[in-house]
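The task is simple: from the sequences and hints, build the whole structure.
Chains as they are written, first to last, in this note's numbering: chain A, 149 to 651; chain B, 149 to 651.
Hints in this document: simulated from the structure, not taken from any laboratory.
Positions of the beta carbon are idealized from the N, C-alpha and C atoms, including for glycine.
Treat the hints with care, since some could be wrong.
[What the hints assert, rightly or not] Pair by pair, the computed Cβ-Cβ distance ranges are:
#, chain 1, residue 1, chain 2, residue 2, range
1, A, 314, B, 400, 49 to 59 Å
2, B, 528, A, 358, 45 to 55 Å
3, B, 368, A, 471, 33 to 43 Å
4, B, 526, A, 358, 48 to 58 Å
5, A, 353, B, 407, 27 to 37 Å
6, A, 210, B, 163, 21 to 31 Å
7, B, 163, A, 493, 51 to 61 Å
8, B, 474, A, 269, 36 to 46 Å
9, B, 163, A, 248, 16 to 26 Å
10, B, 526, A, 587, 33 to 43 Å
11, B, 428, A, 528, 48 to 58 Å
12, A, 630, B, 249, 55 to 65 Å
13, B, 374, A, 255, 54 to 64 Å
14, A, 248, B, 526, 29 to 39 Å
Listed below, chain by chain, are the residues.
2 protein chains.
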Amino acid sequence: MPSETKFNTLLEKIYEINDLQKASALLGWDRQVNMPKAGVMARAQQLATLNRIVHTTFTADEMGELIEAAAAELNGASYDSDQASLIRYLRESYADSRKLPAEFVVRRTMISNQAHAAWEQAREKDDFASFRPWLEKIIGLAQEMAGYYGYEDEKYDALLDQYEPDMKTAEVRAIFQALKESLAPLVEAIRERGRPLDDAILHQAYVIARQEQFVRAMATAVGYDFSRGHLGTAVHPFAASFSRDDARITTRWYADFLSPALFGTLHESGHAMYEQGTHPDLARTPLARGASMGIHESQSRMIENIVGRSRGFWQAHFPKLQEIFPEQLGQATAGDFYRAINKVQPSLIRVDADELSYNLHIILRFELEQAMLNGDLVAADVPAAWNDKIRQLLGVVPPTDRDGCLQDVHWSTPSFGYFPTYALGNLYAAQFYETAQQQDPAVGQELAEGKTTALLAWLRENIHQHGRKFTPAELVQRATGRPLSHDPFLRYATAKFSEVYNL
Amino acid sequence: MPSETKFNTLLEKIYEINDLQKASALLGWDRQVNMPKAGVMARAQQLATLNRIVHTTFTADEMGELIEAAAAELNGASYDSDQASLIRYLRESYADSRKLPAEFVVRRTMISNQAHAAWEQAREKDDFASFRPWLEKIIGLAQEMAGYYGYEDEKYDALLDQYEPDMKTAEVRAIFQALKESLAPLVEAIRERGRPLDDAILHQAYVIARQEQFVRAMATAVGYDFSRGHLGTAVHPFAASFSRDDARITTRWYADFLSPALFGTLHESGHAMYEQGTHPDLARTPLARGASMGIHESQSRMIENIVGRSRGFWQAHFPKLQEIFPEQLGQATAGDFYRAINKVQPSLIRVDADELSYNLHIILRFELEQAMLNGDLVAADVPAAWNDKIRQLLGVVPPTDRDGCLQDVHWSTPSFGYFPTYALGNLYAAQFYETAQQQDPAVGQELAEGKTTALLAWLRENIHQHGRKFTPAELVQRATGRPLSHDPFLRYATAKFSEVYNL
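The structure is reproduced here in structure tokens:
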């Protein structure tokens with residue numbers, strides 16, 4: 149980065165804001181991993197104070213002037229340069245942040261933290277009624293926020309844009325519709341002609357300490373760097389990074405079901421590897437993050453599914469799993485395990501869903517969020533609306549709200565607009581992987597041996613190192629030579645599941 | 149707290165500064181409990197930014213004016229009131245903080261964090277040479293800091309005052325000398341006439357998961373509230389609190405030695421119970437902490453030793469320990485265990501030392517710190533000086549620096565002046581306990597049954613609830629009716645060890 153005065157002054161201020169944001173991120177991480185429940189009010193206040201300082205510092209008039217003065221110094225810096233990219237990002241972020249009153253930022257933090265604690269309890273006790281008043285407040289915050297940010301076509305655009313810059317609700321709707329229609333024949337074929345699959349081997353007694361030993365080995369195998377990371381436990385697994393040298397994952401453990409810890413860990417490893425792979429020159433700036441939530445999700449879904457649910461990966465690693473759990477898996481083959489983890493079956497829990505029905509879980513949430521945001525669905529009616537829609541989409545009905553509308557953390561914060569990025573992530577992932585494979589044949593060859601060195605090198609080069617320098621659309625174009633399409637995902641899914649189900 | 153304008157304005161600012169200090173404390177806690185080593189530079193920057201903001205906010209001219217304006221409103225508030233106590237504390241703290249340049253605060257944070265990481269590695273590898281340059285910087289920081297704070301008699305006073313307000317180095321020296329002389333006949337008698345004790349039962353294979361189960365039960369037994377706490381693992385155990393509802397402990401585990409995890413946990417529980425017991429009205433203010441490090445240490449040493457190494461406590465709880473470790477302890481009696489944990493034997497490691505030689509470990513550090521601070525001892529000569537002095541004082545010589553001058557965390561931060569508070573803690577503890585027992589006979593009766601309800605009630609009433617409202621001298625006078633004296637500790641130690649050693 150250059151030594152001119154204004155830019156460096158800006159950089160120093162941005163570094164410090166970033167330090168505070170990372171402190172805030174650590175307080176949030178800790179809240180979910182270590183904090184006793186009783187600590188929630190004090191933690192909410194601490195977070196509110198940090199977020200208020202970040203907000204008022206970043207939205208001050210002088211910051212805008214400094215950004216423009218620094219930009220003026222950079223005349224001639226190439227579009228791709230770190231400096232120009234930082235200015236582009238800061239201009240957008242500054243304009244957006246200025247739309248939110250500081251009072252709102254503080255209130256949002258306080259409510260979110262308390263709502264999160266209420267959600268955890270409600271989920272544990274399967275008690276939607278105790279969460280309802282908090283959901284009302286959250287819906288109110290989301291509506292208020294959409295009002296501040298503003299929108300041209302649909303209210304939902306205002307929030308979606310925070311997670312997937314430049315993406316419109318109408319686009320997402322069209323993509324989801326096309327996806328649903330294109331996948332229908334495949335799902336139908338599986339139901340009618342697929343050989344039945346049995347996933348009973350996943351549901352056995354698996355001692356948690358040994359699960360941990362194995363999932364650590366698998367996280368390492370896919371490329372997660374534990375020397376710059378940490379594995380914790382959380383009710384709702386997530387990844388969080390406090391620098392490229394401290395990017396953490398969390399998972400959850402069931403003593404009678406292997407998949408959640410294993411695939412949760414692989415998923416979060418994909419997220420954390422993205423942060424670990426950002427270029428060191430971007431450190432301490434807001435560019436040292438993912439380009440968008442959708443792009444971030446492409447990394448986690450790629451590691452979880454395209455890598456972690458592939459035949460080659462398990463041909464290579466199943467013997468180790470067998471060694472750790474000889475009683476449970478001594479009689480099974482790598483092929484049995486591969487088929488078990490790829491069983492397509494409509495189910496209740498999004499994070500445990502198969503790759504084909506997963507997107508339907510997202511469509512459900514996408515539609516309910518819009519209804520809540522537009523005032524067409526009030527908090528009290530969410531459980532019934534949820535159950536109706538999941539029956540329509542997946543043909544299953546949750547026996548409890550815990551397995552229904554209380555399953556996800558997202559509505560304990562006003563992060564409406566986030567869910568669609570999960571499905572977009574599947575599409576980005578397939579498109580990235582297809583390109584990587586075409587550009588470097590070693591990617592596919594290695595995966596057949598359970599390795600990801602070539603894939604990770606491609607991701608580092610084309611995705612990770614850039615952090616948030618480019619918009620999602622720019623990044624996809626640069627990395628794959630074309631805009632986002634759902635075709636690669638369809639090709640991937642059709643090929644894989646035709647083989648799995650012997651269609 | 150009152151509703152007058154200036155005071156409330158002050159309170160809001162103090163709340164926010166406290167939030168940032170607690171955020172900083174969490175970043176520090178995390179650094180020792182979860183953070184991968186690679187994260188150290190980013191974490192140092194985050195802490196430096198937080199500490200700089202706290203420092204510049206608190207030392208601004210307006211803060212001084214606000215403190216005085218708020219004080220003026222409080223005319224007539226009693227000395228004991230929360231409001232008057234807060235103003236007293238803030239005035240002192242403001243004057244002290246103004247003596248440090250912001251640049252120094254940032255530099256100190258950056259160096260301490262890197263020195264801490266260097267110390268951890270040096271200790272692990274028993275490599276003093278790699279730590280030497282950092283120790284030089286730390287000594288330099290301590291000297292610089294003493295210069296900023298200033299002093300009348302001795303340089304060491306400037307730093308001691310940060311941990312034990314109003315205490316002078318000369319006083320500490322006199323107390324330590326008297327203590328050494330008074331304890332000498334007891335130690336001599338034990339060596340000459342005491343029945344030999346065997347602590348081999350402590351050094352056996354103890355599965356760590358079961359140790360954890362037991363130490364959690366013991367922490368609960370002494371009164372630590374896990375619903376407002378958390379137990380983590382750290383190389384150098386410590387307690388940290390982020391609110392009275394989130395006061396955490398750490399310990400360390402050895403698979404072949406029971407004492408460190410057990411007594412480390414009890415020790416840190418004592419610290420954390422103090423923070424858990426501060427009055428809710430003091431929340432979010434700097435008064436919601438211990439009166440001094442010495443008073444804090446009185447709580448940890450009381451729980452660790454007076455309670456946790458008492459005959460009654462183990463008569464009550466040994467059966468549970470036996471149940472968890474039947475192979476190791478099936479043949480032992482509560483009496484055997486009680487004698488093993490009270491074996492007096494000069495040894496190398498401070499935190500594992502018996503109650504009599506513990507104070508000699510402190511005297512060693514107290515003297516070396518003064519020499520370093522005064523420029524009479526340079527970093528390179530510390531290992532030799534350490535080994536010389538521990539041979540003089542305790543008759544033992546560390547085979548490695550790891551068991552010598554690298555054992556403690558303190559010199560990886562410029563916290564010179566802290567060590568004496570450990571020995572003062574022993575004296576405060578004995579004086580508090582003696583008074584509690586006199587004022588409420590249930591204290592002693594309950595302890596004989598392994599319970600601490602009455603003791604905890606006395607501590608809550610006389611010590612905990614007040615937080616930092618009073619100076620250590622004021623608190624001791626209020627709670628016990630007289631100034632600090634080493635007599636109660638001598639009475640306690642003489643009675644206990646005469647019985648243990650059958651003198």
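Hints and how they fare:
1. A/314 with B/400: 49 to 59 Å: Since the Cβ atoms of residue 314 of chain A and residue 400 of chain B sit about 51 Å apart, the hinted range of 49 to 59 Å holds.
2. B/528 with A/358: 45 to 55 Å: For residue 528 of chain B and residue 358 of chain A the Cβ distance comes to about 48 Å; the hint holds.
3. B/368 with A/471: 33 to 43 Å: 39 Å, holds
4. B/526 with A/358: 48 to 58 Å: For residue 526 of chain B and residue 358 of chain A the Cβ distance comes to about 51 Å; the hint holds.
5. A/353 with B/407: 27 to 37 Å: Between residue 353 of chain A and residue 407 of chain B, where Cβ atoms are some 35 Å apart, the hint holds.
6. A/210 with B/163: 21 to 31 Å: 26 Å, holds
7. B/163 with A/493: 51 to 61 Å: Taking Cβ atoms as reference, residue 163 of chain B and residue 493 of chain A lie about 52 Å apart, which means the hint holds.
8. B/474 with A/269: 36 to 46 Å: At roughly 39 Å between Cβ atoms, residue 269 of chain A and residue 474 of chain B fall inside 36 to 46 Å, so the hint holds.
9. B/163 with A/248: 16 to 26 Å: 22 Å, holds
10. B/526 with A/587: 33 to 43 Å: Hint violated: Cβ distance 59 Å, outside 33 to 43 Å.
11. B/428 with A/528: 48 to 58 Å: Violated, since residue 428 of chain B and residue 528 of chain A (Cβ atoms, about 34 Å apart) do not stay within the stated range.
12. A/630 with B/249: 55 to 65 Å: Roughly 57 Å apart at Cβ, these two residues keep to the hinted range, so it holds.
13. B/374 with A/255: 54 to 64 Å: 32 Å, violated
14. A/248 with B/526: 29 to 39 Å: 55 Å, violated
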